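Residue numbers (our numbering), protein chains in the order written: chain F, 1 to 433; chain X, 1 to 433.
In short, the hints are calculated from the structure, not lab data.
Source: prediction; values computed, not measured.
There could be a bad hint or two in this list.
No copy is singled out in the list; a pair is fine if it fits within one copy or between any two copies.
Heads up, simulated EDC-like pairs for lysine to aspartate or glutamate below, C-alpha to C-alpha not over 20 Å straight-line [claimed, not checked]:
no. : residue 1 : residue 2
1   : Lys299    : Glu266
2   : Lys404    : Glu41
3   : Lys299    : Glu110
4   : Lys315    : Asp326
5   : Lys299    : Asp327
6   : Lys404    : Asp240
7   : Lys196    : Asp164
8   : Lys88     : Glu110
9   : Lys287    : Glu236
Number of protein chains: 2
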Amino acid sequence: MKTIGVFLLGLCIGGSAAQAAQPPLRVNGQRLVGHLEALSEFGKNPQGGVSRVAYTDADRDGRQYVMGLMRDAGLEVSIDTAGNIVGKRAGTDAHLKPIIIGSHIDSVPEGGNYDGDVGSLGAIEVAQILNEHRVRVRHPLQVIIFENEEGALLGSAALALGVDEKRLNSVSQSGKVVRDGIKFLGGDPDRLAEAKRQPGSMTAYVELHIEQGAVLEQQRIQIGVVEGIVGIMDAEVTVDGFANHAGTTPMNQRHDALLSAARFVEKLNQVVTSTPGRQVGTVGWIKAQPGAYNVVPGKVTLGMELRDLDAQKIKDLYEQIRLAADDIGRMNGTRFQFSPFAATTPALTDNYLKTLIGQSAKGLRLSTLVLPSGAGHDAQDMAHLGPIGMIFIPSVGGISHAPKEFSRPADIENGANVLLQTVLGLDRAPDTK
Amino acid sequence: MKTIGVFLLGLCIGGSAAQAAQPPLRVNGQRLVGHLEALSEFGKNPQGGVSRVAYTDADRDGRQYVMGLMRDAGLEVSIDTAGNIVGKRAGTDAHLKPIIIGSHIDSVPEGGNYDGDVGSLGAIEVAQILNEHRVRVRHPLQVIIFENEEGALLGSAALALGVDEKRLNSVSQSGKVVRDGIKFLGGDPDRLAEAKRQPGSMTAYVELHIEQGAVLEQQRIQIGVVEGIVGIMDAEVTVDGFANHAGTTPMNQRHDALLSAARFVEKLNQVVTSTPGRQVGTVGWIKAQPGAYNVVPGKVTLGMELRDLDAQKIKDLYEQIRLAADDIGRMNGTRFQFSPFAATTPALTDNYLKTLIGQSAKGLRLSTLVLPSGAGHDAQDMAHLGPIGMIFIPSVGGISHAPKEFSRPADIENGANVLLQTVLGLDRAPDTK
Numbered sequence: 001m002k003t004i005g006v007f008l009l010g011l012c013i014g015g016s017a018a019q020a021a022q023p024p025l026r027v028n029g030q031r032l033v034g035h036l037e038a039l040s041e042f043g044k045n046p047q048g049g050v051s052r053v054a055y056t057d058a059d060r061d062g063r064q065y066v067m068g069l070m071r072d073a074g075l076e077v078s079i080d081t082a083g084n085i086v087g088k089r090a091g092t093d094a095h096l097k098p099i100i101i102g103s104h105i106d107s108v109p110e111g112g113n114y115d116g117d118v119g120s121l122g123a124i125e126v127a128q129i130l131n132e133h134r135v136r137v138r139h140p141l142q143v144i145i146f147e148n149e150e151g152a153l154l155g156s157a158a159l160a161l162g163v164d165e166k167r168l169n170s171v172s173q174s175g176k177v178v179r180d181g182i183k184f185l186g187g188d189p190d191r192l193a194e195a196k197r198q199p200g201s202m203t204a205y206v207e208l209h210i211e212q213g214a215v216l217e218q219q220r221i222q223i224g225v226v227e228g229i230v231g232i233m234d235a236e237v238t239v240d241g242f243a244n245h246a247g248t249t250p251m252n253q254r255h256d257a258l259l260s261a262a263r264f265v266e267k268l269n270q271v272v273t274s275t276p277g278r279q280v281g282t283v284g285w286i287k288a289q290p291g292a293y294n295v296v297p298g299k300v301t302l303g304m305e306l307r308d309l310d311a312q313k314i315k316d317l318y319e320q321i322r323l324a325a326d327d328i329g330r331m332n333g334t335r336f337q338f339s340p341f342a343a344t345t346p347a348l349t350d351n352y353l354k355t356l357i358g359q360s361a362k363g364l365r366l367s368t369l370v371l372p373s374g375a376g377h378d379a380q381d382m383a384h385l386g387p388i389g390m391i392f393i394p395s396v397g398g399i400s401h402a403p404k405e406f407s408r409p410a411d412i413e414n415g416a417n418v419l420l421q422t423v424l425g426l427d428r429a430p431d432t433k
Numbered sequence: 001m002k003t004i005g006v007f008l009l010g011l012c013i014g015g016s017a018a019q020a021a022q023p024p025l026r027v028n029g030q031r032l033v034g035h036l037e038a039l040s041e042f043g044k045n046p047q048g049g050v051s052r053v054a055y056t057d058a059d060r061d062g063r064q065y066v067m068g069l070m071r072d073a074g075l076e077v078s079i080d081t082a083g084n085i086v087g088k089r090a091g092t093d094a095h096l097k098p099i100i101i102g103s104h105i106d107s108v109p110e111g112g113n114y115d116g117d118v119g120s121l122g123a124i125e126v127a128q129i130l131n132e133h134r135v136r137v138r139h140p141l142q143v144i145i146f147e148n149e150e151g152a153l154l155g156s157a158a159l160a161l162g163v164d165e166k167r168l169n170s171v172s173q174s175g176k177v178v179r180d181g182i183k184f185l186g187g188d189p190d191r192l193a194e195a196k197r198q199p200g201s202m203t204a205y206v207e208l209h210i211e212q213g214a215v216l217e218q219q220r221i222q223i224g225v226v227e228g229i230v231g232i233m234d235a236e237v238t239v240d241g242f243a244n245h246a247g248t249t250p251m252n253q254r255h256d257a258l259l260s261a262a263r264f265v266e267k268l269n270q271v272v273t274s275t276p277g278r279q280v281g282t283v284g285w286i287k288a289q290p291g292a293y294n295v296v297p298g299k300v301t302l303g304m305e306l307r308d309l310d311a312q313k314i315k316d317l318y319e320q321i322r323l324a325a326d327d328i329g330r331m332n333g334t335r336f337q338f339s340p341f342a343a344t345t346p347a348l349t350d351n352y353l354k355t356l357i358g359q360s361a362k363g364l365r366l367s368t369l370v371l372p373s374g375a376g377h378d379a380q381d382m383a384h385l386g387p388i389g390m391i392f393i394p395s396v397g398g399i400s401h402a403p404k405e406f407s408r409p410a411d412i413e414n415g416a417n418v419l420l421q422t423v424l425g426l427d428r429a430p431d432t433k
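Excised from the complex, chain F in its bound form (with noise of 0.2 Å):
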């Protein structure tokens, strides 16, 4: 994929010469905010946080007001074929492609207020500000809003690589089938098609978003400048030994798949944290059959998930992994079986667009760390269509998909400015088309 090019000599962050004399341009940090409560509204918890989850009448209710924000922005509005919102901003030269921003507004059940809202929020007051100051930009802009990114960015997917059918079929966290889903939020699942856009079809996608992790916090740092999304792979891994009553087998003549079970998740752990790098890896759930005190467990089934920025060391990773759990097997005469599924490639960012997150930040006065993602992200998609950059904003005690997920109003305002100026000086590279 062809990057954008690194011409940033003489840019000047925050207005072009002509502006000078005008305060700079910034956005609005009360309203958005004030935009974040009241979309929190919408599938909110007594407990606290929120579960607008994907195709339920609390993403539909929320998306109805977003896309009433969006027309007070001045974006003329649609939902593509996918479902996902579209805010469309002409620009001065319809000879270039569209510069999109956006994000997503679904969320885990029992999510947080922040996940997908700030980055919604911020490109729509982007595009607010724009309108408001009247600035006219070169290029087409577009905020869109992508739907059910929760369920695997089945939005962005639809509109940078496409959906099969077993995916359209497949049901979704709401309950309701992906297809009716889609056609709920006012899609059309049999024109899926349409929403597809193509390769290099676009000058950038730009992305904030909140961190999920507690890097710039513990470091102190204001923005984070995405390097990559790493790349994800998921196995189910299956134990098999042998069931019988804990009290009369003796220890000598178990094949107990728990045990081994056991061993594999401290192997994993050693696995990944022996070696250098800042891989993770995960074994996120575990269930143990028949399951019960008096029975030494006959079958185990597992979640095992490796990330990483470098997709062949994932794969490395997983051998070893593999390799390991052959031996712990042998050991009590249980056997491993994997079963891998719902692997990402890594997506790095684009050169150019970091450098420029990375001055927008700094003629804002805000400190920066270059760092990756390692949660999924629609951009990853996205990186299909054209170049990538993402902004992270901190998330306070690293909490994310859940009701105590919080970051700051300062780090949102702070977020939705480097998401203007990035905008801003995409607009003004002279090389971009």
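Based on the hints, put chain X in the right spot on chain F.
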């Protein structure tokens, strides 16, 4: 508790000197196996085995069938207030305390046709043979079919120990509250105390049972002489860590409850197997929360169990395991909590009865092995009333609590014959009253 005393000198197994001219007394093996087959129809599963869970229709109907067999065997049948079936046969000396034999006919869900059934129908066959041959014995004989053995020995607990209101009001595996279940079987939960017997009120209790393990089969032994029923210590263990995003949380900042739990499972195994002896320790179930591929588990609950014939050893092992858990918790900032419950104390069998069972088997030219019972049995409750003995027969493959549970007809017949000879031997022992 007083043991019966050793007085084996000159004891002639299989008949007194006066009976020497007659063929020795033997059970009718074919009839016994036929009764087992007929009983297997009550609660029969289409895929094999039986679900005759206590307090279900299948249980009640199976009990009706068994009560018919008891009446056919000349027993005077009644149901005590706890719902146990009691069949009585008078002895020639009204001053002697009864010899009690029996077992249970309720099963686990999707259980087999031998656990409990062999001992119950074996005991009835012994009564039947005595009746058919008009054998007069000095002691009163009682055949007891205990109710809800699989519900932590409920029937025998009511008879030997008493059952409190809490247990009476708990929900049983059938879905019925225990109190209602007892009523359903013909008991009277409001007069439960009347079922309770006094310590010293019996001569002995002898139970025939399948081994439920593979020791006898592997060593090609026909009869197991049980030296005791192990004590059981169950504990629910909670590991508290901190749930976090599996992509954005660096490995060295995790408080992974499942990693700690895995180390615990392995450590428990190591503690139990590194101490000489036949103790067993198991982690039979485990649950990680929230339980998703992409979340570091914040909480794990699991069930551990320790069993041994020596109560002090169980205590020592438990203490070792608790200390080790504290160390594991410190490694990654997680915390272990233990909630012990459902502890049963080991119940040793009577020395005289062990000798008598062994002699009875040898008189029948059957090989014997002294072994512990790793499973719990009604006999352990009956040990509170007087001397107990248990006779094991081989379980093919050691399989139990499963449809494939199986004991060979020849072994079943052998077991019932040993039970018969043990009863006769006990009856002849001069100092039992």
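Going down the list of hints, with the structure as the test:
1. For the homomeric pair Lys299 and Glu266, the shortest alpha-carbon distances inside one copy (18 Å) and between copies (16 Å) are both at most 20 Å.
2. For the identical chains of this complex, Lys404 and Glu41 are intra-copy neighbours only, at 16 Å inside a copy versus 57 Å across copies, given an alpha-carbon limit of 20 Å.
3. Only between protomers do Lys299 and Glu110 lie at most 20 Å apart by alpha-carbon distance; the minimum there is 17 Å, versus 31 Å within a single protomer.
4. Within a single copy, Lys315 and Asp326 get their C-alpha atoms as close as 17 Å, which meets the 20 Å cut-off; across copies the closest is 35 Å, which misses it.
5. Taking the closest pair of Cα atoms, Lys299 and Asp327 come within 20 Å of each other only inside a single copy of the chain (17 Å); across copies the shortest separation is 28 Å, beyond that limit.
6. Proximity of Lys404 to Asp240 under the C-alpha cut-off of 20 Å is restricted to the inter-copy arrangement: shortest distance 18 Å between copies versus 39 Å within a copy.
7. Proximity of Lys196 to Asp164 under the C-alpha cut-off of 20 Å is restricted to the intra-copy arrangement: shortest distance 12 Å within a copy versus 68 Å between copies.
8. Taking the shortest alpha-carbon separations for Lys88 and Glu110, neither the intra-copy value of 32 Å nor the inter-copy value of 63 Å comes in at or below 20 Å.
9. Within a single copy, Lys287 and Glu236 get their C-alpha atoms as close as 11 Å, and across copies as close as 16 Å, so both meet the 20 Å cut-off.
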